[in-house]
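Novice: Given next are the chains, with one letter for each unit.
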Amino acid sequence: MRLSLNSRISAITALLPALLVMLVVYIGATGWTVWMSLTNSRMLPNNNFVGLRQYEMLFGNDRWITSVHNIVIYGVLFVSLALSIGFLLAVAIDQRVRAEDTIRSIYLYPYSMSFVVTGLVWQWLLNPTLGIQHVLRSWGFEGATFDWIVRPETAIYCLVIAGVWQASGLVMAIMLAGLRGVDEEIWKATRVDGLPKWRVYVSIIIPMMGASFATAAVLLSTGVVRLYDLSVAMTNGGPGIASEVPAKFVMDHLFERANIGLATAAATTMLITVIAVVAPYFYWRTRKGEMR
Amino acid sequence: MKRTLFASVAIVAAACVSVPVSAEEMKAEVIHWWTSGGEAAAVRVFADQFTKAGGTWIDSAVAGAANARNAAISRTVAGNPPTAMQLNTGKQFDELVEGGLLADVDAVATEGNWKGVMPAAITAAATRNGKMYAVPINIHGQNWLWYNKAVLASVGADEPKTWNDAITILDKLKAEGKVIPLAFSGQKNWEQNLFNSVLIGVGGAQMWTGILGKRDASLARSAEFKAVAVTYKKLKDYVDAGAPGRNWNDATNLVIQGKAGMQIMGDWAKGEFIAAGKIADKDYGCTVLSNGSGGYVMGGDVFVFPKAKDPSVTKAQMTLARLMLTPETQIQFALKKGSIPVRSDVDTSALDACAQKGMRYVADKAQQMPSGDMLAPPAMIGALQDAISQYWNTNMSADEFSAKVAAVLKSQE
Numbered sequence: 001m002r003l004s005l006n007s008r009i010s011a012i013t014a015l016l017p018a019l020l021v022m023l024v025v026y027i028g029a030t031g032w033t034v035w036m037s038l039t040n041s042r043m044l045p046n047n048n049f050v051g052l053r054q055y056e057m058l059f060g061n062d063r064w065i066t067s068v069h070n071i072v073i074y075g076v077l078f079v080s081l082a083l084s085i086g087f088l089l090a091v092a093i094d095q096r097v098r099a100e101d102t103i104r105s106i107y108l109y110p111y112s113m114s115f116v117v118t119g120l121v122w123q124w125l126l127n128p129t130l131g132i133q134h135v136l137r138s139w140g141f142e143g144a145t146f147d148w149i150v151r152p153e154t155a156i157y158c159l160v161i162a163g164v165w166q167a168s169g170l171v172m173a174i175m176l177a178g179l180r181g182v183d184e185e186i187w188k189a190t191r192v193d194g195l196p197k198w199r200v201y202v203s204i205i206i207p208m209m210g211a212s213f214a215t216a217a218v219l220l221s222t223g224v225v226r227l228y229d230l231s232v233a234m235t236n237g238g239p240g241i242a243s244e245v246p247a248k249f250v251m252d253h254l255f256e257r258a259n260i261g262l263a264t265a266a267a268t269t270m271l272i273t274v275i276a277v278v279a280p281y282f283y284w285r286t287r288k289g290e291m292r
Numbered sequence: 001m002k003r004t005l006f007a008s009v010a011i012v013a014a015a016c017v018s019v020p021v022s023a024e025e026m027k028a029e030v031i032h033w034w035t036s037g038g039e040a041a042a043v044r045v046f047a048d049q050f051t052k053a054g055g056t057w058i059d060s061a062v063a064g065a066a067n068a069r070n071a072a073i074s075r076t077v078a079g080n081p082p083t084a085m086q087l088n089t090g091k092q093f094d095e096l097v098e099g100g101l102l103a104d105v106d107a108v109a110t111e112g113n114w115k116g117v118m119p120a121a122i123t124a125a126a127t128r129n130g131k132m133y134a135v136p137i138n139i140h141g142q143n144w145l146w147y148n149k150a151v152l153a154s155v156g157a158d159e160p161k162t163w164n165d166a167i168t169i170l171d172k173l174k175a176e177g178k179v180i181p182l183a184f185s186g187q188k189n190w191e192q193n194l195f196n197s198v199l200i201g202v203g204g205a206q207m208w209t210g211i212l213g214k215r216d217a218s219l220a221r222s223a224e225f226k227a228v229a230v231t232y233k234k235l236k237d238y239v240d241a242g243a244p245g246r247n248w249n250d251a252t253n254l255v256i257q258g259k260a261g262m263q264i265m266g267d268w269a270k271g272e273f274i275a276a277g278k279i280a281d282k283d284y285g286c287t288v289l290s291n292g293s294g295g296y297v298m299g300g301d302v303f304v305f306p307k308a309k310d311p312s313v314t315k316a317q318m319t320l321a322r323l324m325l326t327p328e329t330q331i332q333f334a335l336k337k338g339s340i341p342v343r344s345d346v347d348t349s350a351l352d353a354c355a356q357k358g359m360r361y362v363a364d365k366a367q368q369m370p371s372g373d374m375l376a377p378p379a380m381i382g383a384l385q386d387a388i389s390q391y392w393n394t395n396m397s398a399d400e401f402s403a404k405v406a407a408v409l410k411s412q413e
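Line by line, the protein sequences are chains S and H.
For reference, each letter of the first sequence is one residue, going 1 to 292 in my numbering.
For reference, each letter of the second sequence is one residue, going 1 to 413 in my numbering.
Derived from the structure by calculation, the hints contain no laboratory data.
Every value quoted in this text rests on a predicted model; they were computed, and no experiment measured them.
Some hints here could point you the wrong way.
Once the Cα atoms are required to be at most 16 Å apart in a straight line, the calculated EDC-like pairs of lysine to aspartate or glutamate come out as [what the hints assert, rightly or not]: (1) H/Lys410 - S/Asp229; (2) H/Lys315 - H/Glu25; (3) H/Lys404 - S/Asp62; (4) H/Lys309 - H/Asp48.
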C-alpha cells in the first residue's frame with residue numbers, strides 16, 4: 001500500500017513539470033490570446049475592451065477571406081494527393097522491386113528538407129524565366145507554358161505541388177509499414193480465388209489499413225493548419241494576396257504590422273475552426289471506445 | 001586539482017561579473033538590423049566613435065528588420081531594455097512614448113541645434129509631445145528612378161523628368177523589344193513602393209499628404225486619385241513575366257547588365273551599382289520623377305533610447321546620441337551606407353553624384369516629403385499594401401481600387 005502511494009507521488013512529481021507547462025504555456029497563452037482579440041491592442045498589448053470589433057474587421061478583410069479559401073483548397077488537395085501518391089508509391093515498392101532500399105530512401109528524401117528549402121527549390125523550378133518553362137522552351141518547345149506561380153488564380157496550386165512532393169515520401173513510409181503488416185495468408189487466399197491484384201488492393205488491403213491512413217491523415221492535417229513557411233519561401237503570399245494563408249496573416253499582423261488585436265482575432269478564429277473539426281471526431285472516438 | 005580548477009573558474013566568473021559594476025564606465029548595448037557588408041561597416045562607424053569617447057560598444061545585430069524590432073521592443077516592455085535600438089523613422093515608437101518607456105534626447109538636440117540643420121519633416125518624425133525622442137541618423141530616398149544610360153541612349157532618350165516622359169521611353173523600349181522596359185520585383189512592399197512613387201509623382205504633394213497624412217477618404221475617390229491608379233496599373237505593361245516574387249536586387253541587376261531599362265527603387269539600390277563597379281552619371285543615371293510640385297520621399301533610420309534607472313546608462317545614451325550626429329560621423333556613415341546625411345551642413349564633396357543630387361532635393365523645402373511610415377501607423381500601411389497588391393495583380397478596376405483605399409482610410413478614424 002505504502003509502496004503504491006509512494007509510486008503515485010513520484011508519478012505525480014514526474015508529471016508536474018509537464019502539467020505546469022501545459023497549464024501555463026498552452027492554456028494560459030491561449031486564454032491570453034483570446035482576451036487580446038477582444039481588445040484594441042496595436043503594437044503593445046493593452047486591456048481596452050472593444051468587444052468583437054476585431055472579428056468584424058477580420059471578416060471584412062479581403063486578405064483573410066482569401067487566406068481561408070486558400071487553406072481549404074490546399075488542405076483538401078494536399079491531404080488527398082499526398083495520401084494517394086504516397087499509397088501508390090508504397091504499393092509500387094511492395095512489388096518486391098530491385099534496389100528497394102535505395103528507392104525508398106530517394107522517395108523519403110524530400111521529407112528531410114525543411115519547407116523553406118522545399119519552397120525555394122520549387123520557386124526556382126516554377127519560375128517561368130528560370131525553371132521548367134525556360135528549359136522546355138530552350139529545347140525547342142516554343143509554345144510551352146508553365147507559369148502557374150506568377151498567375152494569381154493558380155499560385156496556390158504551386159504550394160500544393162511543393163507540399164505533396166515533400167510529404168508523399170512520409171506517407172509512403174507509413175503505408176509501406178502497413179502493407180508489410182498484411183498477413184501473407186491473405187495474399188495466398190486471394191491467389192487461390194484468382195482475384196486480380198488491383199481488386200485485392202481496393203477491396204481487401206485498403207480497408208485493412210485504416211490505422212495507417214488515419215495516422216498519415218492526422219500528420220498531414222496538422223501540417224495544413226500550420227502552413228506558413230512554404231508560402232513565405234515560395235511566393236511570399238503573392239502574386240498580390242493570391243497565396244496568403246491564415247498562419248501568415250497572423251504572423252504578419254502580429255509583428256510587421258503591429259496589430260496584435262487583429263492578429264489574435266485571426267489566431268482565435270483558427271483555433272475555433274480546428275476545435276470545431278476535431279471535437280466531433282474525438283467525441284466519436286470516445287463513444288466508440290465506450291461501446292467496446 | 002579539482003579545487004584549483006574551481007578556484008580559477010570562480011575568479012574568472014567574479015571578474016566577469018565585476019565589470020559592469022564600475023560606475024564610471026559607459027556601456028552601450030545596441031540592437032540593430034544592419035548585418036550585410038556595407039551596413040555592418042556603417043554601424044562600425046558609430047561603434048568606433050563611441051569607443052574613442054571611452055565607451056564600450058556591445059553589438060547586438062539581429063538579422064531582419066522586423067526581428068530586430070521585435071527583440072528590442074519585447075525586451076523593453078519586459079523591463080530589460082537595450083541601451084539603444086534602431087527603428088525606422090516614423091510611427092514605430094509611438095506606443096513606446098505613450099507607455100513612458102523612452103528617454104527623450106531633447107537636451108542633446110537643443111545643445112546641438114539639430115532642428116536648425118535637419119529637414120523639418122525628419123525632426124517632426126522624431127518629436128512627440130514637443131520633445132525629441134529619437135535620433136534620426138540618415139535619409140533614404142525611396143522613390144528614385146535608376147536607369148541604364150546606354151539602354152536609354154539606344155532609343156535616343158534623355159533622362160525623364162515626369163512620369164509622362166518615363167512612359168514615353170518605356171513605350172519606345174517596349175516597341176524595340178530588346179530589353180525589359182521596367183525592371184520590377186513583384187513583392188508586396190515593392191508593389192507599394194512603386195505605387196507610392198506614382199502617387200507622389202503624378203498626384204503631387206497635396207495628394208501624398210492628403211491620402212497618407214490626413215487619411216482623407218473623399219480624396220481617394222477623386223478623379224485625380226483614379227488618374228494615379230490608372231498610371232500605376234499601366235506600368236504593368238512594361239514588366240516581364242518573371243517579375244512576381246523577384247528580389248529587388250535581382251531587378252537592379254537587370255538594369256546593371258543592360259537587360260532592363262529602368263527601375264524604381266530606394267537609394268539602397270546604389271549599393272548594387274557600386275558593387276558591380278558602375279559609376280554614377282556615367283554608366284547609370286538617377287532621378288526623381290515629379291509633376292513639378294515636388295516630392296523626394298524621405299525615409300530613414302532612427303535610434304531610440306529606452307528609459308534607464310542607472311545614471312551611467314543614461315550617460316552612455318546621451319553620449320551616443322551626441323556622437324551619432326556629429327558632422328564627421330554623419331559623413332563617414334553616409335559613405336558606407338549609401339544613404340545621405342541627415343544634417344544639411346556637412347561637406348558633401350566626398351559623396352557620389354546621386355547622393356549629391358539627393359542632398360540638393362533635401363535642401364529644398366518644397367521637395368521634402370515625409371515617407372509613408374512617418375505619416376501613418378504600420379497597420380494602415382499594411383492594409384494599403386494589401387489593397388495595392390491586389391490591384392496590381394488582379395484585374396480589379398481603378399474604381400474598385402479607389403473604393404478600397406477609401407475604405408482603408410475610413411477604418412483608421
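Novice: If a hint holds in the structure, say so; if it does not, say that too.
Specialist: For each hint, the structure was consulted:
no., hint, result
1, H/Lys410 - S/Asp229, "violated (33 Å)"
2, H/Lys315 - H/Glu25, "holds (10 Å)"
3, H/Lys404 - S/Asp62, "holds (10 Å)"
4, H/Lys309 - H/Asp48, "violated (26 Å)"
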